[in-house]
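As you go down the protein sequences, you meet chains W and Y in turn. Going by UniProt numbering, the first residue of the first sequence is number 1, and it counts up by one from there. Going by UniProt numbering, the first residue of the second sequence is number 1, and it counts up by one from there.
Source of the hints: derived by calculation from the structure; they are not laboratory data. Do not take every clue at face value.
[What the hints assert, rightly or not] Computed Cβ-Cβ distance ranges for the label pairs, DEER-style: (1) W:Asp175 - Y:Ile79: 55 to 63 angstroms; (2) Y:Lys5 - W:Ser51: 39 to 47 angstroms; (3) Y:Phe104 - W:Pro389: 39 to 47 angstroms; (4) W:Pro360 - Y:Ile79: 48 to 56 angstroms; (5) Y:Leu136 - W:Trp265: 43 to 51 angstroms; (6) W:Lys87 - Y:Leu14: 31 to 39 angstroms; (7) W:Gly146 - Y:Phe21: 50 to 58 angstroms.
Note that this is a predicted model, so its numbers are computed, not measured. The beta carbon of each residue, even a glycine, is placed where N, CA and C say it ideally should be.
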Amino acid sequence: MQRSTGLLLATVLTTGLGLSATACGASEPATPAPGGAAPVTITVACRPARSAPKERRAWDDDVAAFMRAHPGVTVKSTDQQPCFDPKTFGPKLAGGQMETAFVVPVTTYDDVIGKGQALDITQHVGLIKNWNDLRPDVRELVTKDGRVYGVPNVHYGVGLVYNRKLFTQAGLNPDTPPTTWAEIREAAKRIAALGPGHVGYGEYSGGNTGGWHFTQALYGRGGSVVTDDGKKAAFNSPEGRAVLQTLHDMRWTDDSMGSRLLVGWESLMMAMGGGKVGMMLGAPDVVTDVVNKFKGNVADYGITGFPEARASLSGGEAFMINPKATPEQAKAALQWLDFRYNTVGKGRFDFARGKTLGNPVGVPDNDVYGDSPTGKAIQAGREENATLPVQNYAPYVRAAAAVPPKAEPPHAQELYAILDVVMSGVLSRRDADPGKLLADAEAKADALLAAKG
Amino acid sequence: MGVLKRNLTAYGFLCAALACFAVFAWYPMVREFVLSFQHTNLIDPPTWAGLDNFTAVVRDPAFGTAWLNTVQFTVLALICGYAVPFVTALVLNELRHARGYLRFVVYLPVMLPPIVAVLLFRWFYDPGPGLFNQILDFFHLPALAWLDSSSTALVSLVIVSTWMNMGSATLIYLAALQNIPPELYEAAELDGAGILARIRHVTIPQTRLILLLMLMLQIVATMQVFIEPYMLTGGGPENSTVTVAYLMYQFAFTYGDGYGQAGALGLMLMLALLLFAAFQLRLTREDKA
Numbered sequence: 001m002q003r004s005t006g007l008l009l010a011t012v013l014t015t016g017l018g019l020s021a022t023a024c025g026a027s028e029p030a031t032p033a034p035g036g037a038a039p040v041t042i043t044v045a046c047r048p049a050r051s052a053p054k055e056r057r058a059w060d061d062d063v064a065a066f067m068r069a070h071p072g073v074t075v076k077s078t079d080q081q082p083c084f085d086p087k088t089f090g091p092k093l094a095g096g097q098m099e100t101a102f103v104v105p106v107t108t109y110d111d112v113i114g115k116g117q118a119l120d121i122t123q124h125v126g127l128i129k130n131w132n133d134l135r136p137d138v139r140e141l142v143t144k145d146g147r148v149y150g151v152p153n154v155h156y157g158v159g160l161v162y163n164r165k166l167f168t169q170a171g172l173n174p175d176t177p178p179t180t181w182a183e184i185r186e187a188a189k190r191i192a193a194l195g196p197g198h199v200g201y202g203e204y205s206g207g208n209t210g211g212w213h214f215t216q217a218l219y220g221r222g223g224s225v226v227t228d229d230g231k232k233a234a235f236n237s238p239e240g241r242a243v244l245q246t247l248h249d250m251r252w253t254d255d256s257m258g259s260r261l262l263v264g265w266e267s268l269m270m271a272m273g274g275g276k277v278g279m280m281l282g283a284p285d286v287v288t289d290v291v292n293k294f295k296g297n298v299a300d301y302g303i304t305g306f307p308e309a310r311a312s313l314s315g316g317e318a319f320m321i322n323p324k325a326t327p328e329q330a331k332a333a334l335q336w337l338d339f340r341y342n343t344v345g346k347g348r349f350d351f352a353r354g355k356t357l358g359n360p361v362g363v364p365d366n367d368v369y370g371d372s373p374t375g376k377a378i379q380a381g382r383e384e385n386a387t388l389p390v391q392n393y394a395p396y397v398r399a400a401a402a403v404p405p406k407a408e409p410p411h412a413q414e415l416y417a418i419l420d421v422v423m424s425g426v427l428s429r430r431d432a433d434p435g436k437l438l439a440d441a442e443a444k445a446d447a448l449l450a451a452k453g
Numbered sequence: 001m002g003v004l005k006r007n008l009t010a011y012g013f014l015c016a017a018l019a020c021f022a023v024f025a026w027y028p029m030v031r032e033f034v035l036s037f038q039h040t041n042l043i044d045p046p047t048w049a050g051l052d053n054f055t056a057v058v059r060d061p062a063f064g065t066a067w068l069n070t071v072q073f074t075v076l077a078l079i080c081g082y083a084v085p086f087v088t089a090l091v092l093n094e095l096r097h098a099r100g101y102l103r104f105v106v107y108l109p110v111m112l113p114p115i116v117a118v119l120l121f122r123w124f125y126d127p128g129p130g131l132f133n134q135i136l137d138f139f140h141l142p143a144l145a146w147l148d149s150s151s152t153a154l155v156s157l158v159i160v161s162t163w164m165n166m167g168s169a170t171l172i173y174l175a176a177l178q179n180i181p182p183e184l185y186e187a188a189e190l191d192g193a194g195i196l197a198r199i200r201h202v203t204i205p206q207t208r209l210i211l212l213l214m215l216m217l218q219i220v221a222t223m224q225v226f227i228e229p230y231m232l233t234g235g236g237p238e239n240s241t242v243t244v245a246y247l248m249y250q251f252a253f254t255y256g257d258g259y260g261q262a263g264a265l266g267l268m269l270m271l272a273l274l275l276f277a278a279f280q281l282r283l284t285r286e287d288k289a
């Protein structure tokens, strides 16, 4: 017998239990505080996991230091890893379990803000001392109708992650990585020719990551997923066909993409960590993940600019404040965010401590402060304490600044699911017709957009 | 009253079991029913949606494909999952030696956590160094794309599913076979019946009820297939392995705020399965009559 999906059903259904729960926020019963100020307790997301004891201790040190500097404020950390989990986000909010300060990825900003699930913090942004140094376009993403709902925490654009060791083995110069799709195709062929198991260029094909990366490539070529008014699909375009034709040619004519479909995030990351994938589209955090989670050798990886890019799908995250927080809690939470996430040389920007802990320091995986004085100071600290070869990432840093960010399409996940089919089509069938795949997907996307209004 | 008193302890145990059922089985089912008629993001108060969720689900581009795949999976899983365990049980029943050991071997996959079994098959199916392609290569046969082609992916999932679950079915069939009075076989042999005739005229009629029950249980279970497409293919390639349960997951956790739609799709699946259950009950009654 087939095991049933009773567990799945129960999960889906019991999430409804949260509806009846009374949301209780994150506050604790007040007790008198030194100096007469009302004591306040906040909960904050993202405490490092037990499996990273040094980072966890550093976090706990930061919490202790913050509480010493802010008498009357008690900080309680939650351990959920990753900090943002789309599967539990809704139920946590519904059940009153969401932290006072919680993480939201850029893909979900509009959704969370639109539903009133984040506190309006416009009057408190002054508590983030470097607020005005945050990139204006990044701040704009957490602003709606002139009101601010979040503190941007991470921001990055797409680049080309590549394996320098494989480049060398294939007779390519890792210091002059490809700058055009034609060069990528040639490099991929050379790397695949190294022998069985070598993949010149890796790409996703499922779990919505296929559609997500199709969108990245499409934006890079100047295309769009939907029309400007968001009512019709726009990916059945010369740019869309070029994306698919290139992939189809690399997969079936050049045989440079391997024979295994790399379905989702983890499968491609594992393959990258295994050291036999030459290139992939990705942000600098790919390098961090490949090294930290998939045992990749840090010296092997580099990242360069998004080839021929006219726009880049933006990625990142922000901290938002629980709308049920009291004004005192909101203030304390923003002070915490300022201390831990936005102070040069402190908290997450304490690169000297990161170096002592043996963390990979040096990947330019955050451009939230851009070229501002704060951004420059952070970059200087990162380079000064780098434990990684920062020169491997210099081409990306230079190139990324010139590529304008572009937001995700509306109903992104549903559209990505439709576009997964297109990606898996060209990567799994030699006789796939990119034009036909795009036309079919367009009809489905138009129906979806019409139904969503 | 005396009867009630005598059975008080039993009723106590029964109440505990019923309470567990009520909280963990019936209440979620009722909630699902309500949820399927509501718009909800689990934060704001839910609003009544009428049939909106059902309409949205039916209009989803993958809806028809998911049902077609699920029916195909169920039929294929029945062909494999129904016949293979029955034949295995017949063989085990005839064995004189090593019966206990072979029963253990057959049942072993059931003891593996499903996730482990699925990951094991991911390696077996790998188009490069995977076990299955190595075997094909040994016999000078061309390699297959297994999970990476829309023409073979669903069948590959059926193979995993059959392997994972045949142990339980085999043991149930074996228990039924061992309950057949040996005199019937002796009489059949005296009448000159060969092995096929004995199976046709003794074994199948004597195990008819258990065969019908297993048929119904397998249809109900296989139509809810989720772990295999979730873990192995992500519904691809080209939606060839998207099943109804996988689509439910997508509505609930991948698409934004699709809890109500997931509930609606779950209700549709439940109604379809109730039809099978009713059909099976009818068959069983006719059989008893």
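Each hint tested on the structure:
| no. | hint | in the structure |
| --- | --- | --- |
| 1 | W:Asp175 - Y:Ile79: 55 to 63 angstroms | holds, 58 angstroms |
| 2 | Y:Lys5 - W:Ser51: 39 to 47 angstroms | violated, 57 angstroms |
| 3 | Y:Phe104 - W:Pro389: 39 to 47 angstroms | violated, 54 angstroms |
| 4 | W:Pro360 - Y:Ile79: 48 to 56 angstroms | holds, 52 angstroms |
| 5 | Y:Leu136 - W:Trp265: 43 to 51 angstroms | violated, 30 angstroms |
| 6 | W:Lys87 - Y:Leu14: 31 to 39 angstroms | holds, 36 angstroms |
| 7 | W:Gly146 - Y:Phe21: 50 to 58 angstroms | holds, 53 angstroms |
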